[in-house]
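Below, each chain spelled out in residue letters.
There are 4 protein chains.
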Amino acid sequence: MDTWRSSGAFSEPAPVRLVDRGAKPEGTVLNVLGVHVGGHEVVIMAGPCAVESPEQLLTTAQAVKSSGASVLRGGAFKPRTSPYSFQGLKEEGLEMLAWVRQETGLPVVTEVMDTRQVDAVCRHADIVQVGSRHMHDYTLLEEVGMCGKPVLLKRGMSATLEELLLAAEYVLKQGNEDVMLCERGIRTFEHSTRNTLDLNAVPMLKKRSHLPVIVDPSHGTGHWWMVPWMSKAAVAVGADGLLVEVHCNPQEALSDGPQSLRPDKFCSMMTELREVAQAVGRQISEPRAVAD
Amino acid sequence: MDTWRSSGAFSEPAPVRLVDRGAKPEGTVLNVLGVHVGGHEVVIMAGPCAVESPEQLLTTAQAVKSSGASVLRGGAFKPRTSPYSFQGLKEEGLEMLAWVRQETGLPVVTEVMDTRQVDAVCRHADIVQVGSRHMHDYTLLEEVGMCGKPVLLKRGMSATLEELLLAAEYVLKQGNEDVMLCERGIRTFEHSTRNTLDLNAVPMLKKRSHLPVIVDPSHGTGHWWMVPWMSKAAVAVGADGLLVEVHCNPQEALSDGPQSLRPDKFCSMMTELREVAQAVGRQISEPRAVAD
Amino acid sequence: MDTWRSSGAFSEPAPVRLVDRGAKPEGTVLNVLGVHVGGHEVVIMAGPCAVESPEQLLTTAQAVKSSGASVLRGGAFKPRTSPYSFQGLKEEGLEMLAWVRQETGLPVVTEVMDTRQVDAVCRHADIVQVGSRHMHDYTLLEEVGMCGKPVLLKRGMSATLEELLLAAEYVLKQGNEDVMLCERGIRTFEHSTRNTLDLNAVPMLKKRSHLPVIVDPSHGTGHWWMVPWMSKAAVAVGADGLLVEVHCNPQEALSDGPQSLRPDKFCSMMTELREVAQAVGRQISEPRAVAD
Amino acid sequence: MDTWRSSGAFSEPAPVRLVDRGAKPEGTVLNVLGVHVGGHEVVIMAGPCAVESPEQLLTTAQAVKSSGASVLRGGAFKPRTSPYSFQGLKEEGLEMLAWVRQETGLPVVTEVMDTRQVDAVCRHADIVQVGSRHMHDYTLLEEVGMCGKPVLLKRGMSATLEELLLAAEYVLKQGNEDVMLCERGIRTFEHSTRNTLDLNAVPMLKKRSHLPVIVDPSHGTGHWWMVPWMSKAAVAVGADGLLVEVHCNPQEALSDGPQSLRPDKFCSMMTELREVAQAVGRQISEPRAVAD
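Residue numbers (my numbering), protein chains in the order written: chain P, 109 to 400; chain Y, 109 to 400; chain F, 109 to 400; chain Z, 109 to 400.
Just so you know, the hints here were simulated from the structure itself, not pulled from any lab data.
One or more of the hints may lead you astray.
One copy or any two copies: either way a pair holds, since identical chains are not told apart in the list.
[Unchecked claim] Think about it this way: if two alpha-carbon atoms lie no more than 20 angstroms apart in a straight line, the pair counts; the simulated SDA-like pairs of lysine to any residue are: (1) K281 - E149; (2) K198 - S174; (3) K373 - L166; (4) K198 - R224.
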């Protein structure tokens, strides 16, 4: 056996990979309760960074839906750099998401941080998010690979595109083919922005893989006023969807306030995005009813 | 005198800076022989990486002009990582640029690498380019600040946006206000692309400074097939111009072949760019005649 | 409540932190079965990247002990970038570690990748390692904070020192004060080495925190022939210990062969390290018997 | 002709390179007025960041000489990020260096920033420094390659080791074989230190090339209190010399005060370095008289 070949961190990948474009040249289109990701339409997922209260979540969800978002985002389990920061409402937050999902008909994407949370998150979420800090958490990837729900996999802060694809391979290998890759900015020496949004990733991932590619301009910039600009760029460069932080009152947000759009700004951004989508031969997805 | 304040590498900048948006809130619009950079129109500068021969340059210039480029790029002095790579045709290359400029009426942008070359380059160029490797070459910046020609200043490979602005300040401080800032990709851990094109830089630079911002998707990706994608993103994000490498026969190019577009690909890209420009309320500049 | 202050990614840490030097100016000295980490002696932890078989582990353990290593390292759960690489022997590997620990009297450090493995790992390990890919896995950090065993916490591939300290704070906050910080190289643009070993981290962490600092020159370089050089540098710069990969037959190693020292090279390195330790007023710890 | 091969930025280097270890397996030892760099002894070059006045320079030179430095450093031409920072005393500074060189007998290393300064700098300096901002300034490298004086070439802020070697090749190709390579820290995401001192560079450069390797712990950390720690590490890892900023009154320094050692700290560091040098089989060079 050629064990040497398989030993290095940068060793050759297996010749046939589930994640490769060659494995499915026509591309993967996910169906999330009638919202199609990876096809002609560009899907906007919006909502608060963290679920804070039923009112906060419902108000924001209604606002983003009325502007044209077709998926609701919101964190119940929040990975925070400091143990003294707000850590999310956890199970309680999941229940708020479930309630607002019923009220608005919007499918829900929310993050899972631990293998022991996978069951609970899957009961309430339509899309399970694996965050940047967990892209390399291979045990978790295997677990969500068996959970039966679509997965939104965010690129690690310093993960190469090849490593992102191999992380997705962990999920696909368990039989779950419904994976979306998400570019959310990488860590570089430039500190005027929170991260450096690597839009090169979009055409490169689309070329190499059949999986849909989502862009998160909120974490990719760290500044709400930059989000509309980078969202237009993301649509122009071929992203299949956006993940955008919107908060009714960013100055009171328990996390990521500085990068959250107010609903009115989000609404005018959506108008602009429709123009750009059309210019590149696509269109922004409209919200659909949940077929629950 | 508070010498300590002025001593650190990261010391506070002077309170009033020529480069800041506040110094000229309406924005700078350069006039390069009738081509306006920084206004409503998006200016496409295209041509080969290096000037290789009169025929190569003329053919490429005519091709990019017929597709709608309004400025010709081409390097006579080539900074190359290895001393064994082609170093450019130097003065001879400048003369070829001057001849093709006459033939086509396209203004010319070309790089200067050394203070002793500034006079010669200025005699033939309409825009003097300071490349990434020389963004920190302050003596050269002062010299081009006195040369009387517009300057295209490329961001260093690992320069922060603040450092790019301070480099521009060196030029402006000499009395030359006609400076364009150019994002061309930064060096990161990601190696599937030659550089990481930092499109965050465009809105951030536009907010902080009144100077026009140009994007170079060729160096920013290193792959010709990515150039149309990133060009569309750059126009969507508010760039005032693009700097694109085009070569009639990329496989024979003496430098940067892998990232050079063939003229037919450049032509179809221009059609797409016109759509995106319109979607964001701008339009692609058309070539003008040289008023020589 | 000033929620804004607590909302940003770069928000101010709480004024009093358990991890800070100020909380314990005299420094923390851990006692791992009689091996003291953080005091006068420099502790060498050595062994294979992965546990592969009882023979491989025992042979290597005896070799490193005879050269003067006082802790045995070896991975049972292996986080691998590709799902097609060897993933470790898991529970079986833990049992081999327990057996060799008995045979040699060496305390054992091994990695835990998932909250559900913490109990099993703690039953067999004397030091629980949280790897680079899991430094941001805050649920896991809280779990090991409650496990009652000393923790070796590796810096994430692109984690700042501040983020490493905050990750340690998650552990300390659960009441576990026995944490070692481990510099193992960061991800940069330089690719001739696997990572860039950031030895600046050692004095900076020692100044900011009372916790012992360990250096991993194997991952920090990726080349076995560099390990003795960087180990000498690490001892000179004040590291409290080293974590070194040693394999009896690196060419057959199931992981990290290229960066593993052969026992004879490890032995000659230990001789050199004793000289350097003495030059900086310290000494290399000698192996002790397990008081089981 | 295979032009494609020679065209890319990452193209293969020429098969035989002057800079490679294979071109001179025994290693290069430079003789700078009797100070040998690259041999058994480790050479300490110390002095102020910038030449500020004859008194400042003489006092500092005498202090570092009495502590055992054998080369005097000091900048007359200062590349500064901001045009509003102190730019050096230029020609006047060179004359001060010449005077102090006479007074103390210490050979002098000072930076050149522009091809037009090479003659003047060479008249006064014993070693011509090409700084990080100019490592990619190939015209300047060619010029110093013809100047007849030893060259200290600093690694660019984001230059790979391969690029540093190719920059040195520009100098050697002009017939100047007396080149020292200098690691001075690279730019990364970590901002608690000014740069990340990449000590991996020392063994890697020594393996690949026959040229001596110098380490600059002052720029590599940005904090004076870290300089003794990183200097010990640099000696332990095999550096052939150090370049250290020392200032009699750092709080009044016109540049780099925060990273400058006071003479008393430098003196106690030298004592420690002698111990470490001996532990790795070398010794610190003692100052010699100028044979002028």
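Evaluation of the provided hints:
no. : hint        : result
1   : K281 - E149 : neither (27 angstroms within a copy, 47 angstroms between copies)
2   : K198 - S174 : neither (27 angstroms within a copy, 50 angstroms between copies)
3   : K373 - L166 : within (18 angstroms within a copy, 48 angstroms between copies)
4   : K198 - R224 : both (12 angstroms within a copy, 19 angstroms between copies)
Violated hints, in rising order: 1 and 2; the structure is consistent with all others.
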